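*Asks:* Each chain, written out:
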Amino acid sequence: MNPRIYYIATNTFREAVRDRVLYNLIAFALLLSGAAVLVGQVSIDIERLVVINLGLTAVSIFGIVIAIFIGIGLVAKEIDKKTLYTVLSRPVRRWEFIAGKFFGLAGTLVVNTTFMAIGVFAALLYVSHHLQASDSRILVALYFIVLQFVMITALALLFSAFSSPLLSAVFAFSLFVIGSFAEDLRGIASLTHGAAGWLETCVAYLVPNFSALNVISQVAHGEAVAPQLIAYNTAYALVYTVAVLAGTVLIFERRNLK
Amino acid sequence: MPAIEILGLEKTYSVGFWRKRPKCALKPLHLAVEEGEVFGFLGPNGAGKTTTLKMLVGLAFPTGGTARILGLELDDPKMKAQIGFLPEQPYFYDYLTARELLKYYGHLSGVDAKQLSSKVDAVLARVGLKDAADIQLRKFSKGMLQRAGIAQAILHDPKVVFLDEPMSGLDPMGRREVRSLIEELKAEGKTVFFSTHILSDAEALCDRVAIIHLGELRGVGAIADLTSGVRGKVEIVWRSTTVPAALKTLGAECHFAGETIRVVIAEENQDIALDALRRERARLISVTPVRTSLEDYFIAQLSDPPQGDPKSTLPSLMPGAKSAGARS
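So the protein lines, in turn, are chains W and G.
Quick note on numbering: the first sequence equals residues 0 to 257 in numbering that gives the first Met the number 0.
Quick note on numbering: the second sequence equals residues 0 to 327 in numbering that gives the first Met the number 0.
Hints were generated in silico from the structure; no laboratory data involved.
Any given hint might turn out to be false.
To be verified - In silico DSS-like cross-links for lysine-lysine, where the CA-CA straight-line distance does not exceed 30 Å:
hint, chain 1, residue 1, chain 2, residue 2
1, G, K102, G, K129
2, G, K102, G, K77
3, G, K102, W, K257
4, W, K257, G, K232
5, G, K247, W, K80
6, G, K232, W, K81
7, W, K80, G, K141
8, W, K81, G, K118
9, W, K76, G, K77
10, G, K102, G, K141
11, G, K232, W, K80
12, G, K22, G, K118
13, G, K247, W, K257
14, G, K113, W, K257
15, G, K158, G, K118
16, G, K158, W, K80
17, W, K76, G, K185
18, G, K113, G, K22
19, G, K247, W, K81
20, G, K185, G, K232
21, G, K19, G, K77
None of these values were measured; they are calculated from a predicted model.
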């Protein structure tokens with residue numbers, strides 16, 4: 000990796016750690032252990048289903064909140080506090096700064112998700128006293144969740160490059176909600192004809208397709224995830240993320256720091 | 000080759016939300032700063048000093064003109080490796096310690112990893128932060144932050160150092176230390192370009208200064224050359240019991256000490272005053288020119304209306320030009 004990107008990324012990770020972002024893990028651990036104890040007492044035969052569903056949904060929500068609320072400040076906060084001045088007056092290109100910030104937050108989210116994943120498996124072990132071979136599919140669901148984080152981090156960074164933190168949060172969260180229903184949007188678009196249909200199709204394919212990356216329910220029911228879907232989702236998330244980051248760089252390259 | 004060569008650099012911002020209208024922050028600026036010079040960029044708040052500095056270090060983009068630093072274009076990373084920059088009222092990553100901050104900046108500036116630790120220790124000692132090296136910046140006072148800011152600006156041994164209001168927020172001791180540091184940088188052969196509105200600092204440190212007001216260059220040159228162009232004043236002291244009527248009509252304020260009277264008047268009224276004293280047969284004690292300070296020159300430039308064609312100032316802006324500024 001380009002050394003400047005590496006140092007900006009590690010500094011971003013360090014900021015998240017020192018600003019106690021990873022403290023969310025405590026809330027997550029409390030939620031999951033409480034749920035596991037409760038589920039163990041009230042559920043009959045569906046403990047695993049409930050724990051996997053609840054655990055993975057919590058991983059997703061916690062991560063999305065972190066991705067949005069840290070992502071929107073990655074550039075805006077640096078401009079606002081003028082910390083960016085002493086970085087960009089050095090031999091650091093603006094695209095390197097964006098890339099460093101992106102990898103720093105994505106790395107934070109991967110570490111966070113790893114700890115939460117351990118929590119999910121621990122809760123599963125607690126309620127069912129053993130792990131099954133099909134539980135490895137949880138890893139696929141977690142991988143898809145990480146892909147969602149990567150995409151939403153890129154989007155938050157994009158909004159942060161030209162908008163205020165508050166508006167960026169609204170944009171990013173709205174896009175996450177819309178993207179979670181992207182498959183439905185595409186279905187509606189295919190039923191509409193004419194200019195409206197064309198417009199709907201454009202919108203449906205422009206918004207991030209988070210619904211394709213959500214296999215929580217499928218995995219909770221012990222169903223396998225097709226290898227083609229893994230390959231397709233990986234390629235889709237990477238292409239989408241690179242495109243959004245390229246847009247961010249294009250905007251940021253032209254921005255005057257006031 | 001000048002260390003800093005500014006060739007018609009200008010900046011116009013668009014202001015307004017719906018109906019954008021242009022706002023000129025800097026009119027075409029021509030300026031050259033030689034290697035090894037300490038150059039003061041003076042002006043009141045909102046004059047365009049920070050805008051100019053931001054364009055020179057790559058934080059804002061000029062809408063016209065260009066500039067070269069050490070012969071390299073502004074977007075050249077090789078140029079940026081050779082400059083240091085202290086922003087006005089610096090704010091740093093407050094979750095880092097001073098040592099961590101400097102190491103981070105050292106890495107970004109391409110300082111050799113093997114030498115980085117020793118360079119960081121040396122620069123921390125130089126700015127007086129040796130004992131605070133491992134304290135988080137969020138616990139630093141404003142003066143300590145300013146020192147950390149200077150440390151990061153000189154850490155990588157740059158050839159040209161840009162300082163935006165380096166004495167701002169410092170106590171007298173802190174200001175003296177920054178002055179010493181700038182003198183040390185000059186002794187090391189570095190070019191220092193600093194903006195300030197504290198004129199005594201500029202007078203004490205600068206080889207040359209430029210004065211900017213409302214985005215327009217009002218004067219540039221050595222302080223002695225600039226101030227010699229300002230119409231001076233004279234102090235006249237004589238012994239008498241009365242003040243001649245002719246002197247009273249000049250509106251000068253007289254100070255009495257027994258039978259000794261002292262008055263400060265404009266240089267052009269000197270002959271009128273002396274003739275009046277001769278007629279009264281007063282005993283003249285002294286006629287002394289009052290030294291014109293940079294402040295007098297600064298105020299004179301600021302009170303003048305904006306100039307029309309900025310290019311007409313060009314010949315007097317180059318170093319070594321004998322002119323006492325662009326507008327004198």
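*Asks:* Could you run down the list of hints and mark each one as holding or not?
*Replies:* Hints versus structure:
1. K102(G) x K129(G): holds (14 Å)
2. K102(G) x K77(G): OK: K102(G) and K77(G) at ~20 Å, within 30 Å.
3. K102(G) x K257(W): Cα-Cα ~27 Å, so holds.
4. K257(W) x K232(G): Violated: K257(W) and K232(G) sit about 42 Å apart, past 30 Å.
5. K247(G) x K80(W): violated (57 Å)
6. K232(G) x K81(W): violated (45 Å)
7. K80(W) x K141(G): holds (15 Å)
8. K81(W) x K118(G): holds (25 Å)
9. K76(W) x K77(G): Given pair K76(W), K77(G) holds - Cα atoms ~28 Å apart, limit 30 Å.
10. K102(G) x K141(G): holds (21 Å)
11. K232(G) x K80(W): Given that 30 Å is the threshold and the Cα spacing comes to 47 Å, the pair is violated.
12. K22(G) x K118(G): Violated, at roughly 43 Å.
13. K247(G) x K257(W): violated (53 Å)
14. K113(G) x K257(W): Violated, at roughly 36 Å.
15. K158(G) x K118(G): holds (16 Å)
16. K158(G) x K80(W): Satisfied, since the Cα-Cα distance of roughly 27 Å is no more than 30 Å.
17. K76(W) x K185(G): violated (35 Å)
18. K113(G) x K22(G): violated (48 Å)
19. K247(G) x K81(W): Not OK: K247(G) and K81(W) at ~56 Å, beyond 30 Å, violated.
20. K185(G) x K232(G): violated (34 Å)
21. K19(G) x K77(G): violated (36 Å)
Violated hints, in rising order: 4, 5, 6, 11, 12, 13, 14, 17, 18, 19, 20 and 21; the structure is consistent with all others.
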